[in-house]
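Novice: Dock chain B against the given chain A, drawing on the hints supplied.
2 protein chains.
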Amino acid sequence: MNSRRNFLQKMAGSALALPVLSSITTKAHAAKPETPYQGPVLRVAILGLGSYGERVADAMKDCQRAKLVGVISGTPAKIKTWQSKYGIPEKNCYNYETLDQIKNNPDIDAVYVITPNGLHKDFSVRVAKAGKHVICEKPMANDAKEAQQMVDACKAAKVKLLIGYRMHFEPITLDIVHKRKAGDFGKVLFFQGLSGFIIGDPTQWRLNKKLAGGGAMMDIGIYSINGSRYMIGEDPIWVTAQEVKTNPEKFKEGVDETITFQLGFPGGAVASCLSTYSLNNLDRFFLDGDKGYAEMGPSTGYGPIKGRTNKGEVTYPHVTHQTVQMDEMSDIILKGKQPEIPVDGEEGLKDMKIVDAIFQAVKTGGKVMIKY
Amino acid sequence: MNSRRNFLQKMAGSALALPVLSSITTKAHAAKPETPYQGPVLRVAILGLGSYGERVADAMKDCQRAKLVGVISGTPAKIKTWQSKYGIPEKNCYNYETLDQIKNNPDIDAVYVITPNGLHKDFSVRVAKAGKHVICEKPMANDAKEAQQMVDACKAAKVKLLIGYRMHFEPITLDIVHKRKAGDFGKVLFFQGLSGFIIGDPTQWRLNKKLAGGGAMMDIGIYSINGSRYMIGEDPIWVTAQEVKTNPEKFKEGVDETITFQLGFPGGAVASCLSTYSLNNLDRFFLDGDKGYAEMGPSTGYGPIKGRTNKGEVTYPHVTHQTVQMDEMSDIILKGKQPEIPVDGEEGLKDMKIVDAIFQAVKTGGKVMIKY
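Line order of the protein sequences matches chains A and B. Going by full-length UniProt numbering, the residue at position 206 of the first sequence is 206; the numbering climbs one at a time, nothing skipped. Going by full-length UniProt numbering, the residue at position 229 of the second sequence is 229; the numbering climbs one at a time, nothing skipped.
Please note that the accuracy of each hint is not assured.
The list treats identical chains as one, so a pair stands whether inside a single copy or across any two.
Said to hold, decoys possible - Computed list of lysine-lysine pairs in PhoX-like fashion (alpha-carbon distance at most 20 angstroms, straight line):
1. Lys91 - Lys80
2. Lys335 - Lys67
3. Lys187 - Lys250
4. Lys91 - Lys363
5. Lys155 - Lys337
6. Lys363 - Lys158
7. Lys67 - Lys209
8. Lys129 - Lys103
9. Lys335 - Lys210
10. Lys103 - Lys158
11. Lys350 - Lys371
12. Lys291 - Lys337
13. Lys291 - Lys181
14. Lys209 - Lys250
15. Lys337 - Lys67
16. Lys250 - Lys291
17. Lys291 - Lys245
Honestly, the hints are just simulated from the structure, not real lab data. Since this is a predicted model, take the numbers as computed values, not measurements.
Chain A with its partners taken away, still in its complex shape (with noise of 0.2 angstroms):
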């Protein structure tokens, strides 16, 4: 059973139970223009056809400014799947030995990296080198190593590098934020993520620290720490990180069951995490300030996003996260065209660096301070 899937899938379980009566419904923005679009397309290929990379490949088909137009796959019958499934032409298929080849390919201008966390930076490295754009499945890395390595070699090929940081373009999530900005919590004193499922096969990669780089930190406790900058709006300086380990024959040496793990931030905040992969349906983020709050649940989850303020809810009419990102990343790459809230290789390494700290602080059992 893929728990991981159904988790951020349905989690309505643990979802905010929302005021029925005096919310604050805020106007959807509207859906799709009028006129067809004409501008230009990002057309991407597709490297890793997992479960997640069929949930994009599915997306992208509402698209507009983006075009599933290749694959890459080290399983032949993958790519004869996908192909029939997605219309893909054989002149866009590469296996993990032809796929240097795709430099000379100009019908394919991004590749999106969807493989395990430990295969990321090995192929992003290669498709940087082919002179495409990359985009790349959180979390980047294993490591900030690994990550820097990722962001040296893309500015090196003169090509992109995004992370495929979904959130970052959710409009509830865009909302919540820019009420922070606006000033409506006041200060921001404390965030709070709580990021957690019940992992299901042992034998999965998400449970081998090589290919995963650890465990629910890297796969679940990453939107905790990705979320509490966006919600706080800084980078934390300090962390400090408490580990717990209930069943250490299915938790190995490395890969990590339940965090605690606390952040500070320059402006006086503090962030208080779990990641764990022994709770189910957890994902509630809270924040609050001098003059009022935030809270989301779900909040990082495929969606329905559910978010109330203070003053009532906020509501915008769902959207398949991925098309979104999707539509978004063509106009990043195509069009220069800046994110409110950054996906580059940067943000990511960010997030890596916080991770590292995380691991340390863990061992040392005090308090590790970032450096970015």
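Specialist: Just chain B now, kept in the frame of chain A:
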């Protein structure tokens, strides 16, 4: 402005948005017996006639098994006011010089000490030595050493020592504790307690280290500490803690403004808590197990308390906490009743050991083991 009283009284701002539909309403306990109570009544004198003492006195008007019969105060004018307001006879009035003569008064069974924390120990020891049962407001002392002295003094004097843990008798709290004991939430692995309010007048005793024993932790953080214990049903064995101070002018040396702390429990559960004097209306509990969860907000204010589990809302008619507490404490003292969640000196001493460990962890930056 008494921001604390306002906070504990209102706290509606951060109330959980409870589901209006699909709620599970549990039948309330019968509010009053049909025949008048005929049993023994605990005759109580209140020592320290501040705003909380007044709240207790008002609540006791509705008690059946306890009665306010005396006062002890250093301010003659206050004694006069209370005498007329609560019908206290002259022979049951004491000041801090005459307090010890209370031993010759056969009409007083117990003294409820409701002074600043720093005075609890000395007054409690004096009351014990005068042969009266001691009820002491929480936190029971400035530190565990003082708390131990109180326990010892009451033992030596063969009087009971109870701490004012009003939440231990609150019906929604007890219902959720029952559900946890019955296994409704499965294996409990996480508790989160957020406790805070913005404190007003900087000259009040609560911001005086000697009188308060600390800052927010002693005043409001104690709710999350104690709550973690009755919600999880175990006593923590380690603690880590991080302090943040944004206003050192208001919060002087030894007076904590904001502390995040984590408690590790023998069964593998972890608690992640916030104690702060810089965020308003913060009063939330969240208990999570591998089969379900409970949340409360307000969770420890004067009520109405709101609670729900993954199965729906938990509702009981609001009861005045201090009325129930004093009736129950009467049964504990006069009839030897065992409360479901202890309220004795040993219970208070545990909290003080945890507070001491938190302050130590803030200083050392590392994990501090707790011994009981």
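Novice: Each hint needs a verdict: does it hold in this structure or not?
Specialist: Here is what the structure says about each hint:
1. Taking the shortest alpha-carbon separations for Lys91 and Lys80, only the intra-copy value of 13 angstroms comes in at or below 20 angstroms, while the best inter-copy value is 96 angstroms.
2. For a Cα distance limit of 20 angstroms, the shortest separation of Lys335 from Lys67 inside one copy, 16 angstroms, qualifies, whereas the shortest one across copies, 77 angstroms, does not.
3. Only between protomers do Lys187 and Lys250 lie at most 20 angstroms apart by alpha-carbon distance; the minimum there is 17 angstroms, versus 42 angstroms within a single protomer.
4. Taking the closest pair of Cα atoms, Lys91 and Lys363 never come within 20 angstroms of each other, the shortest separation being 49 angstroms inside a single copy and 64 angstroms across copies.
5. Taking CA atoms no more than 20 angstroms apart as the test, Lys155 paired with Lys337 passes inside one copy only; the shortest distance there is 18 angstroms, against 73 angstroms between copies.
6. Taking CA atoms no more than 20 angstroms apart as the test, Lys363 paired with Lys158 passes in neither setting, with 38 angstroms inside one copy and 48 angstroms between copies.
7. For the homomeric pair Lys67 and Lys209, neither the shortest alpha-carbon distance inside one copy (33 angstroms) nor that between copies (64 angstroms) is at most 20 angstroms.
8. Taking the closest pair of Cα atoms, Lys129 and Lys103 come within 20 angstroms of each other only inside a single copy of the chain (8 angstroms); across copies the shortest separation is 89 angstroms, beyond that limit.
9. Within a single copy, Lys335 and Lys210 get their C-alpha atoms no closer than 37 angstroms, and across copies no closer than 63 angstroms, so neither meets the 20 angstroms cut-off.
10. Taking the shortest Cα distances, Lys103 and Lys158 sit within 20 angstroms of each other inside one copy (13 angstroms), while across copies they are farther apart (88 angstroms).
11. Taking the closest pair of Cα atoms, Lys350 and Lys371 come within 20 angstroms of each other only inside a single copy of the chain (9 angstroms); across copies the shortest separation is 39 angstroms, beyond that limit.
12. Proximity of Lys291 and Lys337 under a CA criterion of 20 angstroms is satisfied in neither setting, with 33 angstroms inside one chain copy and 45 angstroms between copies.
13. Taking the shortest alpha-carbon separations for Lys291 and Lys181, only the intra-copy value of 13 angstroms comes in at or below 20 angstroms, while the best inter-copy value is 38 angstroms.
14. For the identical chains of this complex, Lys209 and Lys250 are intra-copy neighbours only, at 12 angstroms inside a copy versus 47 angstroms across copies, given an alpha-carbon limit of 20 angstroms.
15. Taking the shortest Cα distances, Lys337 and Lys67 sit within 20 angstroms of each other inside one copy (18 angstroms), while across copies they are farther apart (72 angstroms).
16. With identical chains, the CA atoms of Lys250 and Lys291 are at most 20 angstroms apart between copies only, with a shortest distance of 19 angstroms across copies and 44 angstroms within one.
17. Taking identical chains as interchangeable, the C-alpha atoms of Lys291 and Lys245 lie at most 20 angstroms apart only when they sit on different chains, with a minimum of 18 angstroms there against 38 angstroms within one chain.
Hints 4, 6, 7, 9, 12 from the list above are not met by this structure, while the remaining hints are.
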